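K.L.:
Please put together the full structure from these sequences, using the hints given.
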Amino acid sequence: MPRAVDGTRRKNRRNKILKQAKGYWGTRSKLHRVAKTQLMKSGIYAYRDRRAKKRDFRSLWIARISAGARSQDMSYSRFMDGLKKANIQLNRKALSNLLIEDAKAFESLVVEAKKALA
Numbered sequence: 050m051p052r053a054v055d056g057t058r059r060k061n062r063r064n065k066i067l068k069q070a071k072g073y074w075g076t077r078s079k080l081h082r083v084a085k086t087q088l089m090k091s092g093i094y095a096y097r098d099r100r101a102k103k104r105d106f107r108s109l110w111i112a113r114i115s116a117g118a119r120s121q122d123m124s125y126s127r128f129m130d131g132l133k134k135a136n137i138q139l140n141r142k143a144l145s146n147l148l149i150e151d152a153k154a155f156e157s158l159v160v161e162a163k164k165a166l167a
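Numbering of the sequence shown is given in the numbering used here, commencing with residue 50 and proceeding in unit increments.
Any given hint might turn out to be false.
[Said to hold, decoys possible] Label pairs and their computed distance ranges (CB to CB):
#: 1; residue 1: Asp55; residue 2: Leu80; range: 12 to 22 angstroms
#: 2; residue 1: Gly72; residue 2: Ala167; range: 33 to 43 angstroms
#: 3; residue 1: Arg99; residue 2: Lys65; range: 15 to 25 angstroms
#: 4; residue 1: Lys164; residue 2: Lys142; range: 49 to 59 angstroms
#: 5; residue 1: Ile111; residue 2: Gln69; range: 49 to 59 angstroms
#: 6; residue 1: Thr86; residue 2: Lys142; range: 16 to 26 angstroms
#: 7; residue 1: Ala165; residue 2: Ala143; range: 14 to 24 angstroms
#: 8; residue 1: Leu166; residue 2: Lys85; range: 21 to 31 angstroms
#: 9; residue 1: Arg104; residue 2: Trp74; range: 20 to 30 angstroms
#: 10; residue 1: Tyr96; residue 2: Trp74; range: 33 to 43 angstroms
#: 11; residue 1: Glu150; residue 2: Thr57; range: 51 to 61 angstroms
#: 12; residue 1: Pro51; residue 2: Tyr96; range: 34 to 44 angstroms
#: 13; residue 1: Glu156; residue 2: Leu80; range: 43 to 53 angstroms
[As the list claims (entries may be wrong)] Restricting the straight-line Cα-Cα distance to at most 27 angstroms, the calculated cross-link-like pairs of lysine-lysine (DSSO-like) are:
#: 14; residue 1: Lys142; residue 2: Lys153
#: 15; residue 1: Lys153; residue 2: Lys133
#: 16; residue 1: Lys90; residue 2: Lys71
#: 17; residue 1: Lys153; residue 2: Lys163
#: 18; residue 1: Lys142; residue 2: Lys103
#: 19; residue 1: Lys90; residue 2: Lys134
#: 20; residue 1: Lys79; residue 2: Lys103
#: 21; residue 1: Lys71; residue 2: Lys60
#: 22; residue 1: Lys164; residue 2: Lys153
#: 23; residue 1: Lys79; residue 2: Lys65
#: 24; residue 1: Lys164; residue 2: Lys102
#: 25; residue 1: Lys79; residue 2: Lys68
Derived from the structure by calculation, the hints contain no laboratory data. Remember, predicted model here, so these are calculated numbers, not experimental data. Backbone N, C-alpha and C fix where the C-beta goes; we use that ideal spot for every residue, glycine too.
P.N.:
Structure, rendered in structure tokens:
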């Protein structure tokens, strides 16, 4: 009589990993051992990039604000300093959205920043 090794638990465990690896290229989605190592690597990338995403968006917002301030003959750093001195507390995400959606309001902020610096 053959000895039962792991029953359906082994199959279920393997299928769970292969299901998570769906969409991976080549054997990374077909073979259990390769899929398992790829899932580990993918998890590391996902963890790292969730943090990097925050940095990437902040740099994007700064680039947009800088371009908007330069169009009004002002540097990014002088603009942010002027806002601080004028006691206008808007974060970079809000400033970037304001520049995209309402350029006139952004221009008025630049004017306020220039006044505070003068």
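K.L.:
Each of the hints needs a verdict: does it hold here or not?
P.N.:
Evaluation of the provided hints:
Against the hinted window of 12 to 22 angstroms, the Cβ-Cβ separation of Asp55 and Leu80 comes to about 18 angstroms, which satisfies the hint. Separated by about 58 angstroms at the C-beta atoms, Gly72 and Ala167 break the suggested range of 33 to 43 angstroms. For the pair Arg99 and Lys65, the beta carbons lie near 23 angstroms from each other, so the given range of 15 to 25 angstroms is met. Checked against the hint of 49 to 59 angstroms, the pair Lys164 and Lys142 fails, with Cβ atoms roughly 24 angstroms apart.
The hinted window of 49 to 59 angstroms between Ile111 and Gln69 is violated, with their beta carbons roughly 36 angstroms apart. One distance hint, 16 to 26 angstroms for the beta-carbon pair Thr86 and Lys142, is violated here, with the actual separation near 37 angstroms. Between Ala165 and Ala143 the CB atoms are about 18 angstroms apart, so this pair conforms to the stated range of 14 to 24 angstroms. Look at Leu166 against Lys85: about 59 angstroms separates their beta carbons, and that is not inside 21 to 31 angstroms.
Hint check: Arg104 to Trp74, Cβ distance near 28 angstroms, so the stated range 20 to 30 angstroms holds. For the pair Tyr96 and Trp74, the beta carbons lie near 21 angstroms from each other, so the given range of 33 to 43 angstroms is not met. Between Glu150 and Thr57 the C-beta distance comes to about 56 angstroms, which sits within the given range of 51 to 61 angstroms. Hint check: Pro51 to Tyr96, Cβ distance near 43 angstroms, so the stated range 34 to 44 angstroms holds.
The given range of 43 to 53 angstroms is broken by Glu156 and Leu80, whose C-beta atoms sit roughly 59 angstroms from each other. Proposed proximity of Lys142 and Lys153 is supported: the alpha carbons are some 17 angstroms apart, at most 27 angstroms. Under the criterion of a C-alpha separation no larger than 27 angstroms, the hint pairing Lys153 with Lys133 is consistent with the structure, at around 20 angstroms. The straight-line distance between the Cα atoms of Lys90 and Lys71 is roughly 15 angstroms, inside the 27 angstroms bound, and the hint therefore holds.
In summary, the hint linking Lys153 to Lys163 is supported, as the alpha carbons are separated by about 15 angstroms, within the 27 angstroms threshold. The hinted pair formed by Lys142 and Lys103 meets the criterion: a straight-line CA distance of about 11 angstroms does not exceed 27 angstroms. Restraint check for Lys90 and Lys134: not satisfied, since their Cα atoms lie roughly 47 angstroms apart, outside the 27 angstroms limit. For the suggested pair Lys79 and Lys103, the alpha carbons sit about 33 angstroms apart, so the restraint of at most 27 angstroms is broken.
As the CA atoms of Lys71 and Lys60 are separated by approximately 16 angstroms, the hinted pair is consistent with the 27 angstroms bound. For the hint linking Lys164 to Lys153, the alpha-carbon distance of about 17 angstroms falls within 27 angstroms, and the restraint holds. About 12 angstroms separates the Cα atoms of Lys79 and Lys65, which keeps this hinted pair within 27 angstroms; it holds. Proximity of Lys164 to Lys102 is assessed by CA-CA distance (about 35 angstroms); at most 27 angstroms being required, the pair is judged violated.
In summary, the hint linking Lys79 to Lys68 is supported, as the alpha carbons are separated by about 10 angstroms, within the 27 angstroms threshold.
When held up to the earlier numbered hints, the structure conflicts with 2, 4, 5, 6, 8, 10, 13, 19, 20 and 24 and fits the remainder.
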